[in-house]
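Colleague: Single-letter residue listing:
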Amino acid sequence: MDFLYYPGCTLSTTAKQLDECARLCAEKLRIKLEEIESWQCCGAVFPLTSCRIDTKLAAVRVLVQARNKGKPLVTLCAACHHVIKQVNHQAANDAEFRQTIKNYDADLLYAGEATVYHYMEVLRQHVGFDTIKERITNPQKGRRIGAYYGCLLLRPGEVIQFDDAENPRILEDFIRALGAKAVSYPMRNECCGGYRALEDGDKTKALTEKVIASAVSHGAQALVTACPLCQYQMAMASGGELDVCYFTELLAEALDIDDIDDE
Amino acid sequence: MRIGVFVCHCGNNIKATVDVALLAERVREGFLWGASSVSPSVSPSVSPSASPSVTSVVFSADYMYLCAEGGQKMITDAITEHGLEGVVVCACSPRMHEATFRKAAQRAGLNPYKLEIANIREQCSWVHADKKAATDKALSLAKAAIAKVKLAKPLFPGENTVEKRALVIGGGIAGIQAALDIAEAGFAVDLVEKTPSIGGKMAQLDKTFPTLDCSACILTPKMVEAASHENITLHTYSEVEKVEGFVGSFTAVIRKKARGVNIKKCTGCGDCLAACPMKKIPNEFESGMANRTAIYIPFAQAVPNVPVIDRNHCAYFKNGKCKRCEGACQPKAIDFSQEDELIAERYGVIVAATGYEPIALDAFGEYGYHDNKDVITSLEFERLTNASGPTGGKLLRPSDGRVPKRVTFIQCVGSRDATARGKPYCSKVCCMYTAKHAILIKEKHPETDVEVFYIDVRTPGKSFEEFYRRAVEAYGVRYIKGQVGKVIGENGSLRIQAMDMLENGRYDSVTDLVVLAAAVEPSADTKKIARMLAAPADVNGFLSEAHPKLRPVESATAGVFLCGMANGPKDIPETVAQASAAACKAIGILMKDKLVTNPCTAKADEDLCNGCGLCVGVCPYGAISSEGGAFPRVVCVNSALCQGCGGCAAACPSGAMDLQGFSHRQITAEVDALCL
Numbered sequence: 324m325d326f327l328y329y330p331g332c333t334l335s336t337t338a339k340q341l342d343e344c345a346r347l348c349a350e351k352l353r354i355k356l357e358e359i360e361s362w363q364c365c366g367a368v369f370p371l372t373s374c375r376i377d378t379k380l381a382a383v384r385v386l387v388q389a390r391n392k393g394k395p396l397v398t399l400c401a402a403c404h405h406v407i408k409q410v411n412h413q414a415a416n417d418a419e420f421r422q423t424i425k426n427y428d429a430d431l432l433y434a435g436e437a438t439v440y441h442y443m444e445v446l447r448q449h450v451g452f453d454t455i456k457e458r459i460t461n462p463q464k465g466r467r468i469g470a471y472y473g474c475l476l477l478r479p480g481e482v483i484q485f486d487d488a489e490n491p492r493i494l495e496d497f498i499r500a501l502g503a504k505a506v507s508y509p510m511r512n513e514c515c516g517g518y519r520a521l522e523d524g525d526k527t528k529a530l531t532e533k534v535i536a537s538a539v540s541h542g543a544q545a546l547v548t549a550c551p552l553c554q555y556q557m558a559m560a561s562g563g564e565l566d567v568c569y570f571t572e573l574l575a576e577a578l579d580i581d582d583i584d585d586e
Numbered sequence: 023m024r025i026g027v028f029v030c031h032c033g034n035n036i037k038a039t040v041d042v043a044l045l046a047e048r049v050r051e052g053f054l055w056g057a058s059s060v061s062p063s064v065s066p067s068v069s070p071s072a073s074p075s076v077t078s079v080v081f082s083a084d085y086m087y088l089c090a091e092g093g094q095k096m097i098t099d100a101i102t103e104h105g106l107e108g109v110v111v112c113a114c115s116p117r118m119h120e121a122t123f124r125k126a127a128q129r130a131g132l133n134p135y136k137l138e139i140a141n142i143r144e145q146c147s148w149v150h151a152d153k154k155a156a157t158d159k160a161l162s163l164a165k166a167a168i169a170k171v172k173l174a175k176p177l178f179p180g181e182n183t184v185e186k187r188a189l190v191i192g193g194g195i196a197g198i199q200a201a202l203d204i205a206e207a208g209f210a211v212d213l214v215e216k217t218p219s220i221g222g223k224m225a226q227l228d229k230t231f232p233t234l235d236c237s238a239c240i241l242t243p244k245m246v247e248a249a250s251h252e253n254i255t256l257h258t259y260s261e262v263e264k265v266e267g268f269v270g271s272f273t274a275v276i277r278k279k280a281r282g283v284n285i286k287k288c289t290g291c292g293d294c295l296a297a298c299p300m301k302k303i304p305n306e307f308e309s310g311m312a313n314r315t316a317i318y319i320p321f322a323q324a325v326p327n328v329p330v331i332d333r334n335h336c337a338y339f340k341n342g343k344c345k346r347c348e349g350a351c352q353p354k355a356i357d358f359s360q361e362d363e364l365i366a367e368r369y370g371v372i373v374a375a376t377g378y379e380p381i382a383l384d385a386f387g388e389y390g391y392h393d394n395k396d397v398i399t400s401l402e403f404e405r406l407t408n409a410s411g412p413t414g415g416k417l418l419r420p421s422d423g424r425v426p427k428r429v430t431f432i433q434c435v436g437s438r439d440a441t442a443r444g445k446p447y448c449s450k451v452c453c454m455y456t457a458k459h460a461i462l463i464k465e466k467h468p469e470t471d472v473e474v475f476y477i478d479v480r481t482p483g484k485s486f487e488e489f490y491r492r493a494v495e496a497y498g499v500r501y502i503k504g505q506v507g508k509v510i511g512e513n514g515s516l517r518i519q520a521m522d523m524l525e526n527g528r529y530d531s532v533t534d535l536v537v538l539a540a541a542v543e544p545s546a547d548t549k550k551i552a553r554m555l556a557a558p559a560d561v562n563g564f565l566s567e568a569h570p571k572l573r574p575v576e577s578a579t580a581g582v583f584l585c586g587m588a589n590g591p592k593d594i595p596e597t598v599a600q601a602s603a604a605a606c607k608a609i610g611i612l613m614k615d616k617l618v619t620n621p622c623t624a625k626a627d628e629d630l631c632n633g634c635g636l637c638v639g640v641c642p643y644g645a646i647s648s649e650g651g652a653f654p655r656v657v658c659v660n661s662a663l664c665q666g667c668g669g670c671a672a673a674c675p676s677g678a679m680d681l682q683g684f685s686h687r688q689i690t691a692e693v694d695a696l697c698l
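Residue numbers (our numbering), protein chains in the order written: chain A, 324 to 586; chain B, 23 to 698.
What the hints contain is simulated information worked out from the structure, not anything from laboratory work. Hints may be right or wrong, so weigh each one.
Claimed, not checked - Here are the simulated distance ranges between beta carbons:
1. Asn513/B / Asp428/A: 51 to 59 angstroms
2. Asn513/B / Glu360/A: 46 to 54 angstroms
3. Gly633/B / Asp325/A: 57 to 65 angstroms
4. Gln128/B / Ala434/A: 53 to 61 angstroms
5. Pro299/B / Asp325/A: 52 to 60 angstroms
6. Gly542/A / Val532/B: 17 to 25 angstroms
7. Ala434/A / Ala672/B: 35 to 43 angstroms
Quantities reported herein were computed from a predicted structural model and do not represent experimental measurements. Ideal placement from N, C-alpha and C gives every residue a C-beta, glycine not left out.
For reference, chain A alone in the conformation it holds in the complex (with noise of 0.2 angstroms):
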């Protein structure tokens, strides 16, 4: 299993656990991840004015690079992630920006061709979760966990095909490989509202206290996520209620990984 892996931004400085983890986890389960070269912040945001190309150039030179090696391209931060498929996907199927893209660069030609995977759906198509959960060696028996999906990691489904974005379940039949309970609860992929903390904190503090409540009332005793601006709120949010991971944390602990570097 051999894939061009783009870390994101976020992940070398505030969210080094994410990465860190995934990176470990990935060589215990053979998966050869190959930092692509020279990559850039994917944006963070897709912009949905059709005239903006700015912040979506980053994405389309990795996934050029992606494509010309032959590799697919693997994403862990779910706003990369998002932001990258999005951008992957209007480059197959929008003509203009495909020539938009090609005026701003004409060695910028590029029409789709890469294939580009979340971290956990290499975990359940390539490695599959049946053999996650004859590997780990630390089976996380009796803990509840719920699974916290946001909203970038699923939308829109039609083009981020992660899995269905109005109920999903890939995070919980993840922990459940882990041998933990799945708390799945109804508020599990609403937003976190973290792209507002700035501007208006009260809203996202209403947003994330709804998430909060929901998973606890469903006997949730901590919360594993994808995204590093969702696991920062919920944090904040839970204030200590809720242990509030990354997923590929949990996978380290389950597999007794244990060399990681803390801050």
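Chain A is already provided as a structure; the job is to place chain B on it using the hints.
Modeller: Okay, now just chain B, sitting in the frame of chain A:
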């Protein structure tokens, strides 16, 4: 050959885009002998003479509405006066008025197949804006038609006898009504129903809008009438497997599935049901809200009132042991050895009334239908509020049996939803049945708060708007314009997250019961039936009418008629009206002893056919064989079966097969006229 060309204005439909006067003048180009100008409409100019061996357009004129009486008279008069031997009508699609004009030609003594249509409306004026270019194109189309009519041969229709028996597929209210009407007219009808009882969806409903009369009370007498009518043969628990033939002479194979119960011996006492140990099977009639046994009668008023053994759940069929029902049956009607029976019957006409189903809600995870017992569909609500339903008509929540203090209805669940998971069309009945549900709740429990989320409330129909207003004004049902984003189960209640579009704000509140108005779609077997009948269906799978306005109960396949939801969303009165109309059309055929057949069928030239048999495989109607002809291996076409599709003519490598009325030579001549 003396040809006349007639150009129709179709009001402004053609005239606004095509210069009709110029067209009428220019069709004569190349064929003119001395006539200097054409003055259309007023005094059509006529070439004084033309040599009989030379083809010429000897007459041309334009007219406001050729299909009107005056227009037709213009054609018949010209045929007589000018001795026309071929006619071209430049007008609308031949699907529209070819028959009209050919009849007119026939009245004037011309063989109707010596008249051709040039479609300058649908294929020209309607789709173009540039008048000059459209006029040029119209001229090309007219010249192609002239080239074709030059080579036209007189054709004479044949006859076939009509089998005086009708097949009605589907035993819901549509099928029952159609069967009763045909039977009342004195013709034999076979009514085939897939499930163990006739009655369909209407039997499941509680009250009917906007009069609130009881659905079962008005339906069951009709079911009994259908069962007892001397001209109707019921085939319940049966499916049509195969249909062959053509109008007047269809043959259908019907599979009568093994009931495991002898219909003639059974008294309907129900002792076998009490004896059955398998008691936890979801009851289809109760929309899964109650259980039934493996041997079961679908509902109390079932017709026939005879149980059926559900072999997928029966202990004997699964494990080879049990047969308790057999022991309990006094009249010895249980028969485990019964097998499916195939019967073949001939019919003159077929009515397709295959009905509908609500869509599956798997793709609508946000409403939590599969996660919360108190999120139900409208059809489930019908059972919940029905006196014969699982709660005896008491409004009790499925989860805890409490009376809900608030009920939330969500409309357009999958309707008017252009995304892949939904249906682009309006399901038409949901606005009204939701208003009905709201009123039914309010009548039983005035204190219960009822809210309805809607996109638009659509109430076109007699007394419909008044009914909806009554829900709002007299009963205080709260209508909220907006779509629900999420239904969240929490602490035994349901939280609704929605947008209130009129308040332009978020709606976030708690409710006790959610009812989803799921979109309707054609029943699962409609596609299969459509293929069997060669009846076209639209993109949504609904059976298509031959013409959306003028032939609304006929399929494009002759002798096949449509009614009910199979043809598109509609309510009970519309379904009944359409069923009676379909029956009426069917009776029109059954009344005739013989039908005129279309002479535009394929014909093989025995001298050219090399017996390769390619055409035999191509023919969708099984009309071609190499048996029964004058020579072995050389094919011949059964003109009664041939539908004139032309597939064989295209497939034939030796050019032996030709389609009369659309011969190779005619089509080549048309192409030459257009391209050379």
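Colleague: So the hint says 35 to 43 angstroms: do the beta-carbon atoms of Ala434/A and Ala672/B match that?
Modeller: holds (38 angstroms)
Colleague: Does 46 to 54 angstroms hold as the CB distance between Asn513/B and Glu360/A, or does it fail?
Modeller: holds (53 angstroms)
Colleague: Hint says 17 to 25 angstroms; check whether the CB-CB distance for Gly542/A and Val532/B agrees.
Modeller: Distance hint for Gly542/A, Val532/B holds at roughly 20 angstroms.
Colleague: Would you say the C-beta atoms of Gly633/B and Asp325/A sit inside 57 to 65 angstroms of each other?
Modeller: holds (60 angstroms)
Colleague: Looking only at beta-carbon atoms, does the pair Gln128/B, Ala434/A fall within the given range of 53 to 61 angstroms?
Modeller: The hinted range 53 to 61 angstroms holds for Gln128/B and Ala434/A, with Cβ atoms some 60 angstroms apart.
Colleague: Using the Cβ atoms, figure out if Asn513/B sits within 51 to 59 angstroms of Asp428/A.
Modeller: Holds - the Cβ-Cβ distance for Asn513/B and Asp428/A, about 56 angstroms, lies within 51 to 59 angstroms.
Colleague: Honestly, do Pro299/B and Asp325/A meet the 52 to 60 angstroms range at C-beta?
Modeller: Given range 52 to 60 angstroms: holds, Cβ gap about 58 angstroms.
In this structure, every one of the numbered hints holds.
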